[in-house]
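Q: Sequence:
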Amino acid sequence: MPELPEVEVTRLSFVDRIASARIESVQMGKPLRWPLGCAPAHLHGQQVLGVRRRGKYLLLDLTGGLLMMHLGMSGSVSFGPDLPAPGKHDHFEMVTTLGTLRLNDPRRFGAVVYAASETDPVALKLLGRLGVEPLTDAFEAQAFYRLLKLKNTAIKQVLLAGEIVVGVGNIYASETLFMAGIRPATRASRISKPRAVLLHSAIRRVLTQAVTKGGSTLKDFSNANGEQGHFQLDAMVYDRAGLPCRVCASPIKTLRQGQRSTFYCSNCQKP
DNA sequence: CACGGATCCTGATGGC
DNA sequence: TGCCATCAGGATCCGT
Numbered sequence: 005m006p007e008l009p010e011v012e013v014t015r016l017s018f019v020d021r022i023a024s025a026r027i028e029s030v031q032m033g034k035p036l037r038w039p040l041g042c043a044p045a046h047l048h049g050q051q052v053l054g055v056r057r058r059g060k061y062l063l064l065d066l067t068g069g070l071l072m073m074h075l076g077m078s079g080s081v082s083f084g085p086d087l088p089a090p091g092k093h094d095h096f097e098m099v100t101t102l103g104t105l106r107l108n109d110p111r112r113f114g115a116v117v118y119a120a121s122e123t124d125p126v127a128l129k130l131l132g133r134l135g136v137e138p139l140t141d142a143f144e145a146q147a148f149y150r151l152l153k154l155k156n157t158a159i160k161q162v163l164l165a166g167e168i169v170v171g172v173g174n175i176y177a178s179e180t181l182f183m184a185g186i187r188p189a190t191r192a193s194r195i196s197k198p199r200a201v202l203l204h205s206a207i208r209r210v211l212t213q214a215v216t217k218g219g220s221t222l223k224d225f226s227n228a229n230g231e232q233g234h235f236q237l238d239a240m241v242y243d244r245a246g247l248p249c250r251v252c253a254s255p256i257k258t259l260r261q262g263q264r265s266t267f268y269c270s271n272c273q274k275p
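Letter by letter, the first sequence follows residues 5 to 275 of our numbering.
The set of hints was computed from the structure by calculation and includes no laboratory data.
Some hints could be false.
Simulated restraints, written as ranges between beta carbons of each label pair [stated by the list, open to error]:
hint : residue 1 : residue 2 : range
1    : 132       : 255       : 38 to 44 Å
2    : 248       : 122       : 43 to 49 Å
3    : 140       : 275       : 28 to 34 Å
4    : 238       : 140       : 19 to 25 Å
Each residue gets a CB set at the ideal place from its N, CA and C atoms; glycine is no exception.
Construct the entire structure; sequences and hints are all you get.
A: So this is what it looks like as structure tokens:
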């Protein structure tokens with residue numbers, strides 16, 4: 005579910021409400037992808053100084069360390085003073101003086117990991133190899149093109165890997181490549197500079213627009229307030245196999261890359 | 001090393 | 001309460 009826009013929308017929905025909250029207790033449910041990395045009681049008494057985002061991670065700055073949250077494929081976060089009783093898929097819950105922060109994640113591909121600091125080996129392992137943030141000035145077309153030149157794999161796989169640029173997941177990879185007119189199987193190293201520039205701006209445009217609209221909700225995304233997004237109204241190719249392209253009416257094609265579905269228009273998108 | 005595939009887990013869906 | 005196969009928004013690990 006959560007790509008960069010969904011994670012950012014989630015962050016925006018509770019960052020102001022949780023600031024300065026003091027942690028009173030922490031409860032873990034079934035195991036998530038990785039262990040918490042400390043005793044839950046170690047968080048007691050710490051204060052939440054802020055909430056940042058790095059790629060698809062939510063980063064809670066605590067007085068004594070860093071709490072990294074990842075929503076995996078099916079995770080969503082709730083925060084509020086009066087949450088309903090925990091359900092079977094609520095696997096992390098943190099009660100604070102300003103409300104309870106909860107992670108619901110049926111498939112448990114998500115994680116909540118504590119590190120003493122951002123330079124702690126545990127934090128570096130999760131965050132250290134992430135590419136540039138696409139919605140900052142650090143994401144620059146020239147550098148993007150040069151890095152693509154070094155990758156001989158399919159451009160769609162390169163986007164998903166997040167080593168060059170973070171935050172583009174399976175939906176937005178198909179969408180941005182459609183916007184840029186590039187076929188998903190095209191080798192990254194063979195993309196011309198003008199087309200790399202198109203892809204660069206498509207990534208910025210699609211992700212920015214998705215954040216503005218409140219994140220996608222093809223299945224069940226909602227932010228920490230339980231409000232849903234509207235991206236599904238705008239998908240040009242994702243999940244549209246066989247349907248007419250919204251631009252040229254050719255049937256949308258699909259293929260599998262790395263066990264993930266890809267959607268594209270073979271007329272609008274060229275190798 | 002770079003790359004492709006298997007893998008973790010639960011739920012929804014559709015064919016039979 | 002039918003059963004089984006397939007698929008789902010992610011990312012790591014392990015072969016080759």
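Q: Run the structure past the numbered hints and jot down the numbers of the failing ones, going up.
A: none
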